[in-house]
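Engineer: What follows is each chain in one-letter form.
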Amino acid sequence: MRGSHVIGEAATRAGCRFYAGYPITPQNELPEYLSKRFAELEDATFIQAESELAAINMVMGASMAGVRAMTSSSSPGISLKQEGISYMAGTELPAVVVNVMRGGPGLGNIAPSQQDYFQATRGGGHGGYRTIVLAPHSGQELVTLTMKAFDLADRYRLPVVLLGDGLMGQMMEPVTFPDPIDPATLPRKDWVLGGAKGRGGHLLASLLLDPSKMEQHNWKLARKYAAIRERETEHESYLLDDAVLAVVAFGTAARIAKGAVNRVRKAGLKAGLFRPVTLWPFPERQLRALTPRLKHILVFEMNLGQMVEDVKLSIGEQATVHFYGRPGGIVSTPHEIAEAITKLCYRYDLG
Amino acid sequence: MAKQVFKRPKSLKENVFHYCPGCGHSIIHRLVAEVIDELGIRERTVGVPPAGCAVLAYNYLDVDMGEAPHGRAVAVATGIKRARPDLVVFTYQGDGDIAAIGTAETVHAANRGERLTVIFVNNGVYGMTGGQMAPTTILGQTTTTTPGGRIALRDGYPLDLSQMLAVAAGSVYIERTSVTSPKNIMKTKKAIKKAFQVQMDDLGFALVEVLSPCPTNWKLSPVDACKWVDEEVVKSYPLKVIKDTTQSDG
Numbered sequence: 001m002r003g004s005h006v007i008g009e010a011a012t013r014a015g016c017r018f019y020a021g022y023p024i025t026p027q028n029e030l031p032e033y034l035s036k037r038f039a040e041l042e043d044a045t046f047i048q049a050e051s052e053l054a055a056i057n058m059v060m061g062a063s064m065a066g067v068r069a070m071t072s073s074s075s076p077g078i079s080l081k082q083e084g085i086s087y088m089a090g091t092e093l094p095a096v097v098v099n100v101m102r103g104g105p106g107l108g109n110i111a112p113s114q115q116d117y118f119q120a121t122r123g124g125g126h127g128g129y130r131t132i133v134l135a136p137h138s139g140q141e142l143v144t145l146t147m148k149a150f151d152l153a154d155r156y157r158l159p160v161v162l163l164g165d166g167l168m169g170q171m172m173e174p175v176t177f178p179d180p181i182d183p184a185t186l187p188r189k190d191w192v193l194g195g196a197k198g199r200g201g202h203l204l205a206s207l208l209l210d211p212s213k214m215e216q217h218n219w220k221l222a223r224k225y226a227a228i229r230e231r232e233t234e235h236e237s238y239l240l241d242d243a244v245l246a247v248v249a250f251g252t253a254a255r256i257a258k259g260a261v262n263r264v265r266k267a268g269l270k271a272g273l274f275r276p277v278t279l280w281p282f283p284e285r286q287l288r289a290l291t292p293r294l295k296h297i298l299v300f301e302m303n304l305g306q307m308v309e310d311v312k313l314s315i316g317e318q319a320t321v322h323f324y325g326r327p328g329g330i331v332s333t334p335h336e337i338a339e340a341i342t343k344l345c346y347r348y349d350l351g
Numbered sequence: 001m002a003k004q005v006f007k008r009p010k011s012l013k014e015n016v017f018h019y020c021p022g023c024g025h026s027i028i029h030r031l032v033a034e035v036i037d038e039l040g041i042r043e044r045t046v047g048v049p050p051a052g053c054a055v056l057a058y059n060y061l062d063v064d065m066g067e068a069p070h071g072r073a074v075a076v077a078t079g080i081k082r083a084r085p086d087l088v089v090f091t092y093q094g095d096g097d098i099a100a101i102g103t104a105e106t107v108h109a110a111n112r113g114e115r116l117t118v119i120f121v122n123n124g125v126y127g128m129t130g131g132q133m134a135p136t137t138i139l140g141q142t143t144t145t146t147p148g149g150r151i152a153l154r155d156g157y158p159l160d161l162s163q164m165l166a167v168a169a170g171s172v173y174i175e176r177t178s179v180t181s182p183k184n185i186m187k188t189k190k191a192i193k194k195a196f197q198v199q200m201d202d203l204g205f206a207l208v209e210v211l212s213p214c215p216t217n218w219k220l221s222p223v224d225a226c227k228w229v230d231e232e233v234v235k236s237y238p239l240k241v242i243k244d245t246t247q248s249d250g
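If you're matching them up, the sequences are chains A and B in order. Per this note's numbering, residue 1 is the first one in the first sequence, and the count goes up by one each step. Per this note's numbering, residue 1 is the first one in the second sequence, and the count goes up by one each step.
Warning: the hint list may mix true and false statements.
Distance ranges between label pairs, derived from CB positions [claimed, not checked]:
{"hint": "1", "chain 1": "B", "residue 1": "ASP244", "chain 2": "A", "residue 2": "GLY198", "range": "32 to 38 Å"}
{"hint": "2", "chain 1": "A", "residue 1": "LYS224", "chain 2": "B", "residue 2": "THR145", "range": "52 to 58 Å"}
{"hint": "3", "chain 1": "B", "residue 1": "PRO222", "chain 2": "A", "residue 2": "LEU41", "range": "41 to 47 Å"}
In silico DSS-like cross-links for lysine-lysine, where the CA-CA straight-line distance does not exceed 30 Å [claimed, not checked]:
{"hint": "4", "chain 1": "A", "residue 1": "LYS197", "chain 2": "B", "residue 2": "LYS243"}
{"hint": "5", "chain 1": "B", "residue 1": "LYS240", "chain 2": "A", "residue 2": "LYS197"}
{"hint": "6", "chain 1": "B", "residue 1": "LYS187", "chain 2": "A", "residue 2": "LYS213"}
{"hint": "7", "chain 1": "A", "residue 1": "LYS213", "chain 2": "B", "residue 2": "LYS194"}
{"hint": "8", "chain 1": "B", "residue 1": "LYS3", "chain 2": "B", "residue 2": "LYS183"}
{"hint": "9", "chain 1": "A", "residue 1": "LYS197", "chain 2": "B", "residue 2": "LYS227"}
{"hint": "10", "chain 1": "B", "residue 1": "LYS13", "chain 2": "A", "residue 2": "LYS220"}
{"hint": "11", "chain 1": "B", "residue 1": "LYS187", "chain 2": "B", "residue 2": "LYS243"}
{"hint": "12", "chain 1": "B", "residue 1": "LYS7", "chain 2": "A", "residue 2": "LYS189"}
{"hint": "13", "chain 1": "B", "residue 1": "LYS187", "chain 2": "B", "residue 2": "LYS227"}
{"hint": "14", "chain 1": "B", "residue 1": "LYS3", "chain 2": "B", "residue 2": "LYS243"}
{"hint": "15", "chain 1": "B", "residue 1": "LYS219", "chain 2": "A", "residue 2": "LYS189"}
{"hint": "16", "chain 1": "B", "residue 1": "LYS183", "chain 2": "B", "residue 2": "LYS240"}
{"hint": "17", "chain 1": "B", "residue 1": "LYS3", "chain 2": "B", "residue 2": "LYS190"}
Stretches of chain B that chain A covers, calculated by requiring three or more beta carbons in the stretch to come under 8 Å of a beta carbon on chain A [what the hints assert, rightly or not]:
{"hint": "18", "segment": "24-37"}
{"hint": "19", "segment": "62-73"}
Treat the hints as calculated values from the structure; they're not laboratory data. Since we're looking at a predicted model, the values are computed, not measured. Cβ atoms here follow ideal geometry from the backbone N, Cα and C, with glycine treated the same way.
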């Protein structure tokens, strides 16, 4: 099943009943799938909106009404959605935002890229907020992480970003789906706008004119983000137990890096892979735990070095961090990464 | 025994309005609250306030309210209404909000025939930010960004959004009213009630444009501001039913 369709089916099974989006390559197969899938359901809404701005704001409305809601786009469209994402972060509204990244900046191209790492993991819009960022690297993980994204969004009342790229969206892999969740069985949200029956009006807003209330709200958000950092990091360790060099990569790059690790292992070089699944919160402690035993870390990204900053922040001076990456939608081959690993091993005499 | 003939609507909170003397917002808020009471829909109504002077509308209207980014009220309202069609959803927007930054959202919501009620308050300026030119500012009108008056060649023409929306196939009822006299206020209330009824009858998109005085930014007394609406503003924005297909078959 195609990656984009997998996301659509997983979202449906997670109880998502509202989607609004605007066409942009390379993610069109996702709204196309959902337009058909949601037509089969009585309680689901699919809207092709007039713009990315309208789409994210429709999702905000659906979220206010208590429905599990999603939008998707690719890099330039995600920039437009940042307005709504910031408002939802401020108003504490859950939603899932899929970014199928492409080469940039500007209109860029439609090739697979990881150039939006900074945008995704630093909030992306104005106001110093955070979103949880999940980076799937396989078809099956598109299932689990899409479904998990809705749970996390509801649990913490914030937008969750599913960060993939064109390769992930087009890749065909066999997957298995869990049974669909009936939205009626999901935990009740007592904060939604559903009509003030026997009570005063509810208000969902991000406007706090009084600076002391704004500060209080920001501290509240900060405590929430601290709790997420504490509880929700996720990563995969691949052949790290005996490794002398760790490659750190996420998403499609991690998939390529696995191939490279397998390749150099055959040649007798002990390399392994550390793959962050949550990009925010970044699995800092888990990565740091590899050091100081591991002296060398190679970060590989499909950009010119963004996650590498989080890697350096995580490990400090405990190991030397190297970087290999290519921007612009160029997809490196496992051979290329294997070569980069091999060079490091010989240069630093890593047996 | 004295009989109380005028009281606060249930849907209006007891807070004192923060609006300037002579501003139309407090009147229009009250009308919306009265209509919600009379239709008996307070417990299933959701409002979406704008960015602008009425951003704090939720301090006054005692219904569920969800704040939208500047210009995006109808998009947010669309999300609420589509997710919960049993709710009655209205937006309350100023002219800068709806006719400049939110034009695209509004045109397309009307064109899709979203079951929404839009209260569009037109006072011809950006009130909250200090009286800059709005898309609806009439030619010759002085604002802080048209110090010598609005000139078409430089500033463009006043935008008649309601007329534009009437062209959209999905809009069902559009009327322009004002709040400059008791008679006009009664007409406005009637229009607002109809705009809610259109939604409750599942007919399509309904909008009431209310010409409203802004004495502070117009630098006029409240009385002169009303006079200015009656004598000048209506030349560009005549009071009338712009579209009403509620009686038609299709």
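Engineer: Decide, hint by hint, whether the structure agrees.
Structural biologist: The hints, checked one at a time:
no.: 1; hint: ASP244/B / GLY198/A: 32 to 38 Å; result: holds (36 Å)
no.: 2; hint: LYS224/A / THR145/B: 52 to 58 Å; result: violated (41 Å)
no.: 3; hint: PRO222/B / LEU41/A: 41 to 47 Å; result: violated (54 Å)
no.: 4; hint: LYS197/A / LYS243/B; result: violated (34 Å)
no.: 5; hint: LYS240/B / LYS197/A; result: violated (36 Å)
no.: 6; hint: LYS187/B / LYS213/A; result: violated (40 Å)
no.: 7; hint: LYS213/A / LYS194/B; result: violated (39 Å)
no.: 8; hint: LYS3/B / LYS183/B; result: holds (24 Å)
no.: 9; hint: LYS197/A / LYS227/B; result: violated (42 Å)
no.: 10; hint: LYS13/B / LYS220/A; result: holds (28 Å)
no.: 11; hint: LYS187/B / LYS243/B; result: holds (16 Å)
no.: 12; hint: LYS7/B / LYS189/A; result: violated (35 Å)
no.: 13; hint: LYS187/B / LYS227/B; result: holds (17 Å)
no.: 14; hint: LYS3/B / LYS243/B; result: violated (40 Å)
no.: 15; hint: LYS219/B / LYS189/A; result: violated (47 Å)
no.: 16; hint: LYS183/B / LYS240/B; result: holds (14 Å)
no.: 17; hint: LYS3/B / LYS190/B; result: holds (25 Å)
no.: 18; hint: 24-37; result: violated (count 0)
no.: 19; hint: 62-73; result: holds (count 9)
Violated hints, in rising order: 2, 3, 4, 5, 6, 7, 9, 12, 14, 15 and 18; the structure is consistent with all others.
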